[in-house]
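There are 2 protein chains.
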Amino acid sequence: MSACDTCVVRNRAICSSLDSEELKALNAIGRRRTLEPGESLMWEGEDSVLVANVIEGVLKLSTGTEDGREQIVGVVYPSDFIGRPFGSTTGHGVTALTEARVCVFARKDFDAFAREHPALEHKLLQRTLAELDRTRRWMLLLGRKSAGEKVASFLLDMSERLVQPDCMGFTSDGKLSRFSLPFSRQQVADVLGLTIETVSRQFTRLKAEGMIDLPSRREVVIVDREALAAEAG
Amino acid sequence: MSACDTCVVRNRAICSSLDSEELKALNAIGRRRTLEPGESLMWEGEDSVLVANVIEGVLKLSTGTEDGREQIVGVVYPSDFIGRPFGSTTGHGVTALTEARVCVFARKDFDAFAREHPALEHKLLQRTLAELDRTRRWMLLLGRKSAGEKVASFLLDMSERLVQPDCMGFTSDGKLSRFSLPFSRQQVADVLGLTIETVSRQFTRLKAEGMIDLPSRREVVIVDREALAAEAG
DNA sequence: CGTGACTTTGAGCCATTTCAACACGCGTGG
DNA sequence: CCACGCGTGTTGAAATGGCTCAAAGTCACG
Chain A
6 MSACDTCVVR NRAICSSLDS EELKALNAIG RRRTLEPGES LMWEGEDSVL VANVIEGVLK
66 LSTGTEDGRE QIVGVVYPSD FIGRPFGSTT GHGVTALTEA RVCVFARKDF DAFAREHPAL
126 EHKLLQRTLA ELDRTRRWML LLGRKSAGEK VASFLLDMSE RLVQPDCMGF TSDGKLSRFS
186 LPFSRQQVAD VLGLTIETVS RQFTRLKAEG MIDLPSRREV VIVDREALAA EAG
Chain B
6 MSACDTCVVR NRAICSSLDS EELKALNAIG RRRTLEPGES LMWEGEDSVL VANVIEGVLK
66 LSTGTEDGRE QIVGVVYPSD FIGRPFGSTT GHGVTALTEA RVCVFARKDF DAFAREHPAL
126 EHKLLQRTLA ELDRTRRWML LLGRKSAGEK VASFLLDMSE RLVQPDCMGF TSDGKLSRFS
186 LPFSRQQVAD VLGLTIETVS RQFTRLKAEG MIDLPSRREV VIVDREALAA EAG
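Protein sequences, first through last, are from chains A and B. The letter at position 43 of the first sequence is residue 48 when you use my numbering, and the numbering goes up by one with no holes. The letter at position 112 of the second sequence is residue 117 when you use my numbering, and the numbering goes up by one with no holes.
Some hints here could point you the wrong way.
Just so you know, same-sequence chains aren't split out, so a pair can sit in one copy or run between any two.
Said to hold, decoys possible - For lysine to any residue, the following SDA-like pairs were computed, each having C-alpha atoms within a straight-line distance of at most 20 Å:
| hint | residue 1 | residue 2 |
| --- | --- | --- |
| 1 | 128 | 94 |
| 2 | 113 | 43 |
| 3 | 128 | 86 |
| 4 | 128 | 49 |
| 5 | 113 | 135 |
| 6 | 29 | 60 |
| 7 | 180 | 75 |
| 8 | 113 | 134 |
| 9 | 113 | 10 |
| 10 | 212 | 55 |
| 11 | 212 | 151 |
These are computed hints drawn from the structure, not numbers from a lab.
Using the sequences and the hints, build the whole thing.
Below, the structure is given as structure tokens:
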């Protein structure tokens, strides 16, 4: 019995395209790994040596300028795929935000396996297309939205993406009304292209205006989703 | 003899994965179309009914907010692929910036054809991964760069991407030192997340500082590439 | 409890936007 | 052939949103 058989993301990750025989072969070239919060799996500009599936946890994808400014260019959740198959270099760093478990493959092994399994490549293509759509939508936020709109949009996005497949406490349409942010204020700023101070001020303003509540530093309660959506522009 | 046999992007577009028999089949489900500058091929939010290959010309991909702010989320050139295969809706509008020729397919037909031709899907995956990398790099610009850095980065990007496979007048490393922008000032602003006035001021500043020259509204000459690269941050 | 990292709050400043006027180029028609 | 008008781009002055710098507050952890 391979590790895949008990994998919690087995039916959602790209692996779901494989039958048990193929899964066994994939399992043979991969290995599990856990990451502590803040630990990186790959670095920007590095040779693309690894790819992986996220089993558990939240990770950020980030790039930066030489003088230290950082931009988070993506956030990945369980069942998401990370790394750059069929390419020579990694365009962004990958760092765990929470404790995380991933299923890692040497890129070369994965590439070879994928080329022999069109159904796997098809899943990967679907995922990549969806991620590209999502990324492009985020560009509208970065380029054209005000700080208030950015923060409101961010909170709504989080309330949709932090839903665990098996978790309680979300509204009928699958959106959380209360959640714990996997980001520090600085990281929120790095997602939104703002400074930490501006993010903090917007949080307190949204709270003061009754749209959200902030029981603790990382906890967020969406009190008035409609108003927050209006604020998001 | 099918239209594909004389296609100028035949060897660079995703079609290059097909043999002549397959190409004939693909040709049977596609048709050519020309677009005037400003003409749209698809609209944001619309059902995904078409996909296409760009044969000639430059097109923009753009999204906007309800209140009319616009963000250009991508620019496509000859041999690039457009549209959203395997998905129900189009996330962004596609509009010709120059006169353009495209090779259009009904999405359903294309999807079916692609699923039967793994080599084609593989090419599409490679392209999509590369586009995602590029898009993520652009997020750093949108989120973290100043107006001066944005404009300088933009000009350098243009000097690399406007190179025609068969054109003269580029430096040894395949970068143009003189080119004609396919964008109006407003469109440059929409790519960079700035206002038209800020773009104009940065253009004149870069010219005043001797990094570029502007022989006419659309023409750009890169005089000091090194200084421009430093300016790009 | 004390220490250090993270967050909030405040005050002033500056880059970019906003609003407004003007310039340029180009096609049209008198 | 020139005057006119219109779309596009430039320039200026003022307003402002978000940033910078600085200080105080909060929380987790020893």
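Under the constraints set out in the numbered hints, which ones does this structure not fulfil? 2, 4, 7, 9, 10
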